[in-house]
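Asks: In order, the protein sequence lines correspond to chains X and S. Read in order, the letters of the first sequence are residues 64 to 269 in our numbering. Read in order, the letters of the second sequence are residues 59 to 177 in our numbering.
Among the hints, erroneous ones may be present.
Here are the simulated SDA-like cross-link-like pairs (lysine to any residue), alpha carbons at most 20 Å apart as the crow flies [said to hold, decoys possible]:
1. S:Lys104 with X:Glu107
2. S:Lys104 with X:Leu199
3. S:Lys104 with X:Pro88
4. S:Lys104 with X:Cys226
5. S:Lys104 with S:Ser127
6. S:Lys104 with X:Glu109
7. S:Lys104 with X:Ile222
Across the chosen pairs, the derived CB separations fall in these ranges [claimed, not checked]:
8. X:Val208 with S:Gly101: 49 to 57 Å
9. S:Ala151 with X:Ala93: 34 to 42 Å
10. S:Leu137 with X:Gly114: 39 to 47 Å
11. S:Gln86 with X:Ala215: 44 to 52 Å
12. X:Ser134 with S:Ala126: 56 to 64 Å
13. X:Ala215 with S:Gly139: 18 to 26 Å
14. S:Gln86 with X:Ser138: 46 to 54 Å
15. S:Pro132 with X:Leu70: 33 to 41 Å
In silico negatives: residues of chain S with every beta carbon more than 10 Å from chain X [said to hold, decoys possible]:
16. Ala79
17. Met80
18. Leu92
19. Glu102
20. Leu112
21. Asp117
22. Arg118
23. Arg122
24. Asp131
25. Ala151
26. Ala154
27. Val156
28. Ala164
Keep in mind that the hints were calculated from the coordinates and are not lab data. For each residue, glycine too, the CB sits at the ideal point set by N, CA and C.
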Amino acid sequence: MSEFFTLLLREAESGWVWMYTAGMPDEARAARVDELESDAWEHESEANSRGGRFGFEFLQRFLFGMPADVSWRVSHGREGFEPRNWLELLISCLLVVGLVVALPVAAVLLPHANPPPSRQSTMGPLLAVDCLLVILVLVLPGVLVIDRWPVAGGLLVIIGCLCLMALFWWLREAMGVIVLGAGAAAVSALRLYRLSRDQDRHSPHR
Amino acid sequence: MQGRKPGLLPLELSILETGIAMRRDGWQEFHGFLAASHMRDAGEAKLLTARGTLYKALDRLQRRGFLASRWEDPDVALLEGRPRRRLYCITPAGEAAVNSARRAAATAPRSLQPGGTPL
């Protein structure tokens, strides 16, 4: 497994931790993130020293642990839940739905869908204009302001990506929907996770 | 955890037994990954325990008072160039729970033990 894929995997896992800890008190959340970061570091260090396959082992530990992560989160319930966390939780839920439900459904259903004859063509000029408009009005401004206003910027990016997905869906461009949705959700989750982590620790350079 | 039965799950028992064995070997405290790798090396698990499962079990044991934990001094971690560890140790209640689980296993009918003959 390449270094790039391992890095991607670790980032995906970090995003997952950020999502399922959303809404928890900052201290409990930071403790969970720190503990899992430490675990990943120890695991990689041990795998390197004994020539193990860190990437595959990490993926296996990550995937098989997901149900327990959710169960752990449920067991902590609403303790310390504050109203300001509701928006963050809503964004997390959108990302989870996008990643866990919508994409596999799109991947399975879209290739078998019967495209309407009049819309079967590939990217026409109208779609190109629509996409450009969505990118200029929603996605680009979202990316530009996400560092300063993470929630607003994240929402703009997510809404823009949903619009683009809808456009591709309309044309039954299955791969477009899947790749765009996965990419957008992953990028948004990573940006938001990093910003949230920075804010949690009051350290702008971490 | 509320609503759970008082017994120990197999993984929880493994963690506590591993912690006790490690203490015999001179490790007064252990971190999550160390416990997972010891369990794998001791043959109690074929693979490293999944992260979510492991830390959920550690959290549950701590909430039940069978483990105590503290965060390592950040300077030590910084010096060694790694993230700081959360260190666990077995409490007297944890040891008592292991002993009680062992006693229960020893007195259980053969048919209820692993490999026992069904009645």
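Asks: Does the structure keep S:Lys104 and S:Ser127 at a Cα separation of 20 Å or less?
Replies: violated, 26 Å
Asks: Would you assess whether S:Met80, listed as outside the interface, keeps its beta-carbon beyond 10 Å of every beta-carbon in chain X?
Replies: At about 15 Å from chain X, S:Met80 clears the 10 Å cut-off, so the statement holds.
Asks: Please confirm whether S:Ala151 is truly not at the interface, meaning its C-beta sits more than 10 Å away from all C-beta atoms of chain X.
Replies: holds, 20 Å
Asks: Is it true that S:Gln86 and X:Ala215 lie within 44 to 52 Å of each other by Cβ?
Replies: Between S:Gln86 and X:Ala215, where Cβ atoms are some 49 Å apart, the hint holds.
Asks: Between X:Val208 and S:Gly101, does the C-beta distance stay in 49 to 57 Å?
Replies: holds, 54 Å
Asks: At 10 Å, judged by beta carbons, does S:Leu92 keep clear of chain X as stated?
Replies: violated, 7 Å
Asks: Does S:Ala79 clear chain X by more than 10 Å, comparing its Cβ with all Cβ atoms of that chain?
Replies: holds, 19 Å
Asks: Run the distance test for S:Lys104 versus X:Leu199: straight-line Cα separation, threshold 20 Å.
Replies: violated, 52 Å
Asks: Is the hinted pair S:Lys104 and X:Glu107 satisfied, with a Cα-Cα distance of at most 20 Å?
Replies: holds, 18 Å
Asks: Would you say S:Asp117 is clear of chain X, with no C-beta pair closer than or equal to 10 Å?
Replies: Given that some Cβ of chain X is not farther than 10 Å from that of S:Asp117, nearest at about 6 Å, it is violated.
Asks: Evaluate the condition: distance from the CB of S:Val156 to the nearest CB of chain X exceeds 10 Å.
Replies: holds, 22 Å
Asks: Can we confirm that no CB of chain X comes within 10 Å of the CB of S:Ala164?
Replies: Holds, because the least Cβ-Cβ distance between S:Ala164 and chain X comes to about 30 Å, which exceeds 10 Å.
Hint compliance for this structure: hints 2, 3, 4, 5, 7, 9, 10, 12, 13, 14, 15, 18, 20, 21 and 22 are broken, all remaining hints hold.
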